[in-house]
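Okay, here's what each chain looks like letter by letter:
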Amino acid sequence: MDRESSLGGRVIDSYGGVSLHRQSHGESFLALMENRFGKNGLYLLDEPEAALSPMRLMSLICLIHRLAGEGSQFIISTHSPILMAVPAAEIFVLSENGIQSTPYQQTEHFLLTRQFLNAPEKMLSYLLK
Amino acid sequence: MVKMEHTSVVDLYVRGIRISRKLPQDSYLYRLPAVRCLQEPNELTLRKRVTFFAGENGVGKSTLMEAIAISMGFNPEGGTVNFRFSTADSHSGLYRYLTVVKGTLRRRDGFFCARKVFTIWRRISTAWTGSLPLAGG
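Top to bottom, those sequences are chains A and B.
Residue numbers for the first sequence, in the working numbering: 20 to 148.
Residue numbers for the second sequence, in the working numbering: 54 to 190.
Don't take every hint at face value.
[Stated by the list, open to error] Simulated crosslink set (DSS-like; lysine-lysine; CA at most 25 angstroms straight-line):
#1 B:Lys101 / B:Lys155
#2 B:Lys75 / B:Lys155
#3 B:Lys155 / A:Lys58
#4 A:Lys58 / B:Lys101
[Claimed, not checked] Incomplete in silico selection of chain B near chain A, CB under 8 angstroms:
#5 Pro86
#6 Ala87
#7 Ile121
Source of the hints: derived by calculation from the structure; they are not laboratory data.
Since the structure is predicted, the reported quantities are computational estimates derived from the model, not experimental observations.
A virtual CB, placed ideally from N, CA and C, is assigned to each residue, including glycine.
Kindly generate the complete structure, drawing on both the sequences and the hints.
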């Protein structure tokens, strides 16, 4: 596993001789998708971020983007502000008001996460006071 | 330069979803605004190769995902049409009311990962490596 590769490259290029049993959940899940998913497929993923670190989520973005360019369709439910950054995607926000198509940078996920990461101490002191 | 747009969107496998039978007013599905709003004549049209559903827990994301999966012939427990393992017949029944507007092309491949799947992932990876040439070594 090419675990520490730079963000620009593919994090996983192959199984590298490691059986799925010996890999962590996140590794084996990504390995399954890398090896099992192909072009012209329909893939439905319900909150796939649970098993994946931020690094692996970025690898998943690469995979989804590549396969979408090869005729595959993805429908994904997610809470992840990283995953939903997949280019050329449409985000539907489900709420008490129904369903709203929302640009990535206007989602609550993006805005809140950015606000938090920009100033964690400030956010925490507000939350915990 | 990243190519941001994929080619035409006429060849989607799932082009839209709508609820084509009246939801019973006493059902919990009817009380989910994000589900109820799909009632005909409304329809959610999918326009992109990648669609995300976001929103708080309890708004109906998983219910919707599961109903789409069943309507497209997947096992609601997750997996391909052929790969099945059953825990319980626990799906919500929304699929009985849902119409999926399908594209004209037939998909070559497909996979549904239910949320439950991620929590019992080790079991799945065992099933996969046992039945398919997936592992590298």
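We went through each hint and held it up to the structure:
1. B:Lys101 / B:Lys155: It holds: about 14 angstroms lies between the C-alpha atoms, which stays within 25 angstroms.
2. B:Lys75 / B:Lys155: holds, 21 angstroms
3. B:Lys155 / A:Lys58: The given pair, whose Cα atoms are some 18 angstroms apart, holds under the 25 angstroms limit.
4. A:Lys58 / B:Lys101: Between Lys58 of chain A and Lys101 of chain B the Cα gap is close to 15 angstroms, so the pair holds against 25 angstroms.
5. Pro86: Holds - the Cβ of Pro86 of chain B comes within 8 angstroms of chain A, reaching about 5 angstroms at its closest.
6. Ala87: holds, 4 angstroms
7. Ile121: Where the cut-off is 8 angstroms and the nearest Cβ of chain A is about 6 angstroms from Ile121 of chain B, the hint holds.
Hint check: no violations occur; every hint is consistent with the structure.
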